[in-house]
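Trainee: Read top to bottom, the protein sequences are chains A and B. If you read the first sequence in numbering that gives the first Met the number 0, its first letter stands for residue 0, the second for the next number, and so on. If you read the second sequence in numbering that gives the first Met the number 0, its first letter stands for residue 0, the second for the next number, and so on.
No lab work stands behind these hints: they were computed from the structure. Just so it is clear, the structure is predicted and the values come from calculations on it, not from any experiment. Certain hints may be false.
Said to hold, decoys possible - Distance condition first, Cα-Cα at most 25 Å in a straight line; then the derived DMTMM-like pairs of lysine to aspartate or glutamate:
| hint | chain 1 | residue 1 | chain 2 | residue 2 |
| --- | --- | --- | --- | --- |
| 1 | B | 91 | A | 77 |
| 2 | A | 153 | B | 27 |
| 3 | A | 129 | B | 27 |
| 4 | A | 134 | B | 88 |
| 5 | B | 77 | A | 212 |
To be verified - Residues from chain B that face chain A, not an exhaustive set, calculated with beta carbons under 7 Å:
| hint | residue |
| --- | --- |
| 6 | 17 |
| 7 | 20 |
| 8 | 21 |
| 9 | 71 |
| 10 | 74 |
| 11 | 76 |
| 12 | 100 |
| 13 | 106 |
| 14 | 109 |
| 15 | 110 |
| 16 | 132 |
| 17 | 134 |
| 18 | 146 |
| 19 | 155 |
All C-beta atoms in this analysis are idealised placements derived from N, C-alpha and C, irrespective of residue type, glycine included.
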Amino acid sequence: MVASRRLTAATRTGRRLAPPRQGFGQIGRGHKITTYPFSPRKNGRKGMAQSQGWVRRYFKAFCKGFFVAVPVAVTFLDRVACVARVEGASMQPSLNPGGSQSSDVVLLNHWKVRNFEVQRGDIVSLVSPKNPEQKIIKRVIALEGDIVKTMGHKNRYVKVPRGHIWVEGDHHGHSFDSNSFGPVSLGLLHAHATHILWPPERWQKLESVLPPERLLVQSAAE
Amino acid sequence: MLRGVLGKTFRLVGYTIQYGCIAHCAFEYVGGVVMCSGPSMEPTIQNSDIVFAENLSRHFYGIQRGDIVIAKSPSDPKSNICKRVIGLEGDKILTNSPSDFFKSHSYVPTGHVWLEGDNLQNSTDSRYYGPIPYGLIRGRIFFKIWPLSDFGFLRESPNGHRFSDD
């Protein structure tokens, strides 16, 4: 009974199938044991079985890669560092000296501000207090407790409250900064801009230096 | 032997990084469980209640009047505050205390929100430090999970008279 079925299967595909060997005939190369009816040598079935297995394997690999790569990449860009293009003229001449012709690309370092520690003179990016969808990039002029002599603010002298900083753009008069909206809360701090990455001729490390004309009236920690 | 230990250590570190990143993405973009402390939101949220907060509304700018939000404290960025949104940008807010004879109003500036705790007598909120920027909001609380006697969605504000829709 079994032999006759085997023969018909062989004649159906037009190939002769060798009978499976048993016992010590398997040592060495031997014959491949084929089990019916799921023989991979049958063409139609081979195509379907292989394409199903291929799709499932690809899907599994994609899911594994997706759930590993995407969270790691997102966490890295949120917590460690990311890159951003600077637009506008409020930080000239430090950033974007060419105006709209060439925008600088800066490296934003989140890791340095993870404990909200900034120094006077740092260039930082923060969430705009007037528009939460926008990030602005300015220089830190004063920390909490300092008294600042303002340029264009409604009060002539402002004491920076606890947990706040005073930021200004280097290009006074063309900058929407603390002279317009007052001291900003440290909670809005986004990142510390450390290097200019593009264009290549402007590749440099950004220095944390206070412009000399913005020296403070009184510093908190002396 | 050493290679086995080293291999196991690397695998452990790898898994820790991977799950840490997934946890960060979940807390940052979806939501998480938060424990509240302090009396400023009584009776809606008592001291040491555990609530569920979601962060999707913040990213899609869907925070509305009457929502209870978690925000970074304006005077201490490392600590969080939990208050109710009384006014959005452009709203007129009553800033006087009930004992004053003359009512004084102020408008919430653009990009800011006005927060108040439900326990008006015992809450340091926008009546003290002014409106806070929207960027400080971390998430919206919408569900309480502990204590079990109070399980469920959160109640409306007991201070309905503070809302003025102008």
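Trainee: Less than 7 Å between beta-carbons is the criterion; does residue 100(B) satisfy it with respect to chain A?
Mentor: violated (28 Å)
Trainee: Let me know if the C-beta of residue 74(B) comes in closer than 7 Å to any C-beta of chain A, holds or violated.
Mentor: holds (4 Å)
Trainee: Does the CB of residue 109(B) sit less than 7 Å away from some CB of chain A?
Mentor: Hint holds; residue 109(B) Cβ to chain A Cβ min 5 Å, cut 7 Å.
Trainee: Regarding the hint that residue 132(B) lies at the interface with chain A, is the smallest CB-CB distance below 7 Å?
Mentor: Given a least distance of 4 Å, the restraint on residue 132(B) holds.
Trainee: Do the numbers back the hint for residue 17(B), that is, is its least Cβ distance to chain A under 7 Å?
Mentor: This interface hint holds because 6 Å falls under the 7 Å limit.
Trainee: Interface hint check: residue 155(B), Cβ to nearest Cβ on chain A, cutoff 7 Å. Holds or violated?
Mentor: Violated, about 26 Å.
Trainee: Can the hint on residue 110(B) be confirmed by a CB-to-CB distance to chain A that is less than 7 Å?
Mentor: Holds, because the Cβ-Cβ distance from residue 110(B) to chain A comes to roughly 4 Å (cut-off 7 Å).
Trainee: Identify whether the interface hint at residue 134(B) stands, where standing means a beta carbon of chain A within less than 7 Å of its own.
Mentor: For residue 134(B), the interface hint holds, since the closest Cβ of chain A sits about 4 Å away, which is under 7 Å.
Trainee: CA of residue 153(A) to CA of residue 27(B), is that 25 Å or under?
Mentor: violated (37 Å)
Trainee: Holds or violated: is the Cβ of residue 76(B) closer than 7 Å to a Cβ in chain A?
Mentor: At about 4 Å, which falls below the 7 Å cut-off, the nearest Cβ of chain A leaves the hint on residue 76(B) intact, so it holds.
Trainee: With a cut-off of 7 Å on the beta carbons, see whether residue 71(B) makes it to chain A.
Mentor: Check passed: Cβ of residue 71(B) comes within 4 Å of chain A, closer than 7 Å.
Trainee: Would the hint linking residue 129(A) and residue 27(B) be met if the CA-CA limit is 25 Å?
Mentor: Holds, at roughly 22 Å.
Figure legend: structure checked against the earlier numbered hints; hints not met, in rising order: 1, 2, 5, 12, 13, 18, 19.
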